[in-house]
Amino acid sequence: MTILNKIAARASLEKVIALSIADGCEANLEGSNIGNIRYARNSVSTAGVTEDISLVVQCNFGKKVGTATINEFDDASLAKVVARAEETARLAPESPEFMPVLGPQKYAESDAFVTATAAIKPQYRAKAAAASIGPARENGATAAGFLNDSASFSAMMNSEGLFAYHTSTNVNFTVTVRSNDGTGSGWASSDDNDVRRLDVAQTSGVALQKALQSREAKALEPGKYTVILEPNAAAQLIGRMFFSFGARQADEGRSFLAKKGGGTRLGEQVFDERVSVYGDPLDKRVPVGTWNQSGEPVGKLDIIKNGVVENLFYSRYWADFKGVDSVPQPNNLIMVGGDKTQEELIKNTERGILVSRLWYIRALDPQTQLYTGLTRDGTFYIEDGEIKFPVKNFRFNESPVIMLNNLEELGKGERVSVFGFPVVMPSMKVREFTFSSLSDAV
Amino acid sequence: MDRRNFLKVAGVGAGTIALPVTGRAIAADELTLPADASLQRVLADAALAAAKQAGASYADVRVGRYLNQFVVTRELKVQNIVNTESVGVGVRVIAKDTWGFAATSSLTPKAVAEAARNAVAIAKANSVYQTEPVKLAPVKGVGEVSWRTPIKKNAMEIPIADKVDMLMAVNEAALNNGASFVNSTFYLVNEQKYFASTDGSYIDQDIHRVWAPMSVTAVDKETGKFRSRNGLSDPMGMGWEYFDGDDSEKIPGVTTRYRYSYDMVEDATLAAQQAQAKLTAPSVKPGRYSLVLDPTHLMLTIHESVGHPLELDRVLGYEANYAGTSFATLDKWRTKEFEYGSSLVNLFADKVQPHSLGAVGYDDEGVKTKKWDLVRDGVLVNYQAIRDQAHIIDEKESHGCCYADSWSTVQFQRMPNVSLEPGTEKLSVDEMIADVEDGIYIVGRGSYSIDQQRYNFQFGGQLFYEIKDGEITGQIEDVAYQSNTQEFWNACSAICDERDYRLGGSFFDGKGQPSQVSAVSHGCATTRFDDVNVINTARKLG
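Going down the list, the sequences are from chains B and S.
To convert, note that position 141 of the first sequence is 146 in the numbering used here; the numbers rise steadily by one, no gaps.
To convert, note that position 507 of the second sequence is 637 in the numbering used here; the numbers rise steadily by one, no gaps.
If you are wondering where the hints come from, they were derived from the structure by calculation, not from laboratory data.
Note that the structure is predicted; figures quoted are calculated from it, not measured.
One or more hints might be untrue.
Said to hold, decoys possible - For the chain B half of the interface with chain S, some residues (derived, Cβ under 8 Å), not all of them: (1) L379; (2) S404; (3) I407; (4) S441.
No residue lacks a Cβ here, since even glycine has one placed at the ideal position from N, Cα and C.
Could you put together the complete structure from these sequences and hints?
Given below as structure tokens:
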């Protein structure tokens with residue numbers, strides 16, 4: 006019901022723009038239908054559906070900007086919301102970094118909406134939970150999981166004639182299985198636009214297997230180890246680094262990409278030459294929208310190529326200030342991987358630690374991108390190409406910048422979700438990864 | 131709004147400014163208008179009737195209006211002024227002994243009744259796979275009642291121009307005292323919540339919170355080094371009076387700390403000077419130290435190592451897939467002699483402490499709020515439990531700590547305020563420090579990380595001072611301490627008295643799937659912990 010089609014969205018937005026007498030007017034319309042189920046202790050705990058829609062109107066007189074919104078769509082309500090936005094703009098102080106609204110843009114079509122996902126019913130969610138709970142119970146284990154599905158649309162229009170429209174669907178499933186003796190725990194996840202590519206039973210099976218394999222872990226001394234990070238573990242750490250790829254932070258000297266004495270490390274070799282990361286909204290594995298909240302087109306963008314920093318992100322204001330083109334931040338991330346399976350990476354490893362998941366990651370020092378956090382839900386010792394035994398969890402203190410210079414080998418890429426953004430990340434083998442202490446947590 | 135979306139609004143995340151995605155922006159004048167109580171009652175009754183008719187044995191409905199205002203600045207520029215409002219109705223039901231929930235932003239009796247029927251349908255669909263029938267602790271209906279945060283000045287009513295002027299003065303003070311950059315923000319919250327249930331309660335609450343986060347950065351272009359010092363204020367369950375900068379609420383010392391009134395200009399001045407000092411401060415020598423922890427720092431350690439492990443849903447495994455479980459298991463509690471901390475340690479939970487973020491009259495399932503013990507004389511004595519959990523720990527009633535962060539999310543057990551009682555014997559901070567031979571005095575919260583069962587943790591801070599033979603020798607850098615929860619609280623050797631008791635807090639306590647945030651405060655006085663492992667966090671790139 007809250008998913009307006011392109012014609013209906015355009016018609017609503019045209020009415021809004023026509024009502025404004027401001028120097029500039031921009032309207033954003035968004036709506037979503039979200040459903041979820043949550044289970045724990047081998048039983049369903051909560052489930053629900055939520056629908057919401059909102060219209061945001063921003064008006065500006067020169068550099069004075071105001072915003073207002075409404076969720077009713079009759080003509081009187083639309084007139085009211087525009088008048089309120091204009092009134093707020095007149096009262097606001099000047100915003101020196103305000104950029105005038107953009108003219109019309111061309112956007113590529115991204116195929117991110119899947120009807121089958123939008124049509125998910127409560128019964129599907131309940132059955133998915135059952136497919137996870139049953140095998141866990143039969144194997145002396147307890148499952149806790151969450152399945153969340155959404156269908157949404159977003160549209161924007163402005164007084165310079167720009168119009169953009171996008172629809173998307175997503176389904177995300179995560180599950181933790183714990184052995185009933187409390188000594189083993191496993192986690193797995195899957196994330197897709199298309200529910201038909203989701204196999205809840207298979208994903209849950211991976212978590213169950215890890216739970217059973219990780220029982221009665223042995224303690225190893227903390228220190229520097231060769232690690233194999235599964236795609237999700239790698240993505241959670243590496244993904245954070247891209248928050249520091251803003252050109253402005255680097256130009257201002259407060260980023261690891263700033264240089265001593267001024268300037269940035271744009272164009273420099275900062276990582277191992279096998280490291281390449283880009284964004285591409287049309288990638289079939291991780292399709293996302295092709296425009297951002299300012300209405301700028303977001304296309305394919307190399308961020309790191311063969312270890313060299315190819316692009317920093319420039320907001321419209323900072324690009325204007327520096328006299329360069331703006332570079333919008335991508336809506337997804339893809340790190341180029343290798344051909345090897347994770348099993349093959351293990352086979353080539355003399356001594357190392359397999360890490361399934363990293364948890365509670367927090368920044369220690371933005372200057373070096375040093376982070377701390379812990380391993381969780383399946384940590385194993387590898388010797389002579391084989392997993393020998395489960396090990397107790399470690400706390401790590403490590404920087405993804407250092408890690409991506411200590412790269413040994415890359416595995417195949419997989420889709421994972423980082424902060425709700427779709428990411429393709431390979432598994433990877435890294436030397437001298439720093440574990441600083443042991444944790445008793447299972 | 132979660133932390134990430136706040137960072138987007140505040141423009142301190144990816145360097146962009148965007149509207150919050152969880153609320154709609156509105157004109158400032160609307161923030162002062164009250165919600166329409168008669169409409170709320172009509173909507174609530176429509177939901178309760180529809181739920182009962184569809185077969186619910188219990189139902190509650192929350193008609194919510196959630197207002198935020200942000201004034202975002204950097205240096206001498208206003209970056210953004212955003213007013214958001216999120217309005218809607220959430221209906222929770224029990225049918226066939228199973229929970230169901232549905233929510234809608236349409237404020238019509240028809241849409242709300244439809245949501246109630248959806249919630250019942252979901253409960254019935256899930257009941258097939260339900261193995262633990264819901265068992266609710268009783269609550270007596272209270273009829274029509276209301277509660278309001280006892281504020282002196284409604285922050286939403288203060289003109290935008292006054293807010294901008296104050297932040298410009300703050301930023302100017304930072305820039306005049308050595309800051310290269312400064313970000314400062316007002317983040318103001320008003321939750322208007324109308325709760326009704328089939329128990330016969332109609333509860334109208336008007337909850338206010340304020341926060342002024344600030345970050346000051348000093349850059350040395352020659353060496354390429356940069357260091358930041360964040361503000362030492364905390365979010366509070368107060369009105370605009372918190373920003374009056376009343377001298378009687380200041381705690382003097384190595385830097386000024388603030389009790390229930392914040393002088394933001396003074397803090398910005400000190401922050402800039404201290405950020406400069408951080409650029410050249412010596413790096414800590416790793417080892418074992420006595421730690422003297424200021425409340426601006428210790429509040430977060432309490433949050434992570436006491437507040438979270440004693441959430442009963444975590445203990446039972448309901449959070450296993452997200453926030454995690456807990457080392458503080460029921461078998462440890464049942465012994466009645468599990469030594470959580472040294473005998474000095476008394477930790478209590480409450481939803482009533484004045485000025486706290488958690489204070490409300492009734493929780494989000496209509497239970498009157500109160501105060502209770504968690505750890506008494508060092509021994510674990512209780513948890514945090516809501517209506518469907520009370521029977522598990524032999525309680526006859528809920529603790530009253532159920533909360534949902536929006537009309538669109540389902541309420542569940544959330545952390546109440548969790549605080550450390552001040553020492554009963556007279557002890558000042560200076561007297562505490564005078565007794566330390568080899569220690570570090572930590573002020574403000576820095577990085578924080580703890581495992582999913584709350585054993586192993588690592589914390590940083592904003593300001594670190596070396597203590598040698600009872601004297602503070604100067605600022606040091608790159609400090610983080612690692613410990614284990616039980617070991618740490620058993621290393622507690624002294625607690626300052628109530629003169630030093632202050633509240634810290636956070637808007638962003640996260641739990642649940644879909645993830646919800648909750649605002650919570652933690653009170654304590656300066657406290658000493660002995661023989662704690664301190665690491666050095668300095669690294670080199672390339």
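Discussion item. To test your reading of the hints: which numbers does this structure violate?
Written reply: none
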